[in-house]
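Undergrad: Taken in sequence, the protein lines are chains A and B. Using full-length UniProt numbering, you'd call the opening residue of the first sequence number 1 and step up by one each time. Using full-length UniProt numbering, you'd call the opening residue of the second sequence number 1 and step up by one each time.
Since the hints were made in silico from the structure, they are not lab data. For every residue, glycine included, the Cβ atom is placed at its ideal position computed from N, Cα and C. Wrong hints could be hidden among the right ones.
To be verified - Example chain A residues on the side facing chain B (calculated, C-beta under 10 Å, incomplete):
{"id": "1", "residue": "T53"}
{"id": "2", "residue": "V56"}
{"id": "3", "residue": "L140"}
{"id": "4", "residue": "L148"}
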Amino acid sequence: MIELYILLVLMIVGAIVTIELKDLLAAVISIGAVGMVLSIVFLIIKAPDLAITQIVVEMLCFIILLRATLKKDLPFSTTGSWLFNTFVAAGFIAIFLFVAVKAFKDLPEFGYPIMRVANIYLKEGLVKTGASNLVSSIILDFRAYDTLGEATILFTAVIGVLTIVRRIGRKKKDEIVEEDDE
Amino acid sequence: MSKEHDAGMSLIVKVITRFTVGLILLYGIYIVLHGHISPGGGFAGGVIIALSFVNLMLAYGKDVALKKLPRKTISFFESTGALLFLSIALIGFFGGYFFLNFISKGEPFRLFSAGIVPFCNIAISLKVGAGLFAIFIALVLLKFDWEKKE
Chain A
1 MIELYILLVL MIVGAIVTIE LKDLLAAVIS IGAVGMVLSI VFLIIKAPDL AITQIVVEML
61 CFIILLRATL KKDLPFSTTG SWLFNTFVAA GFIAIFLFVA VKAFKDLPEF GYPIMRVANI
121 YLKEGLVKTG ASNLVSSIIL DFRAYDTLGE ATILFTAVIG VLTIVRRIGR KKKDEIVEED
181 DE
Chain B
1 MSKEHDAGMS LIVKVITRFT VGLILLYGIY IVLHGHISPG GGFAGGVIIA LSFVNLMLAY
61 GKDVALKKLP RKTISFFEST GALLFLSIAL IGFFGGYFFL NFISKGEPFR LFSAGIVPFC
121 NIAISLKVGA GLFAIFIALV LLKFDWEKKE
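The task is simple: from the sequences and hints, build the whole structure.
TA: See the structure below:
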């Protein structure tokens, strides 16, 4: 269990370093390190499906961040009073902590929940679906509605990105569209 | 060297990519097809398939990658994956309810088992792979006019 806490502290340090760094390339690399450590955490708490998905998605996000955003000159917004901003941030953090403490008291203990539905999945999953990977049998058979919603979300996201960055929507009135120089 | 090899990264990267990109694609297909037996599944496998084409594009430039997988093909695969997943769910209505596992379960731990689960994995991998590669192309290639002048 101690290695889990070491990795969690490493992730928090990586996130803080990411915020504080001025260089964009170094910030992207350190947020990538946070994602890699997160995939090791998933391996330690015995979730290999999530670990594979996390490391793969992290790589894709890393490449997209490197290629797509690094060359752009991102403005750093510091409008408004420093004192007011700090007080608002501290107030929201305090409200969040208060609500979180209230809410987490009602949750069942870690690793010792009621598990009524999960017990049925664990006992009858192999017989009912025939899939030896239990995660796969849950997300594609017992809980296939959720996967359908997730697929719809991804579809909507792709359509949204393509709609926003497409060429025709961006041309001005007297501009001629050139298709070949993308 | 010929003209078409000018774009992209250096010769070392190109040679290494030529050896590894097929293996990455094969590993993605393996993860998809064995999603119901070993860890992995449609989403992770689809992202690995998309990453192999991203690797090709980073090393060889956009022309080679878009010749292997043109934009029409990307949108075709994206739509096909979504429709395939939905139609697998709808076919279940003939037997009773939405997402009915209508194919015989087979023997566990075999490749051909678990009814509709492998087909759902294949549909999701088509959708995820094509969709994420389309997002990558859109975010990296398309540029505003004022960005080009720099």
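Undergrad: For each hint given before, does the structure comply? Return the numbers of the non-compliant ones in rising order.
TA: No hint contradicted; all consistent.
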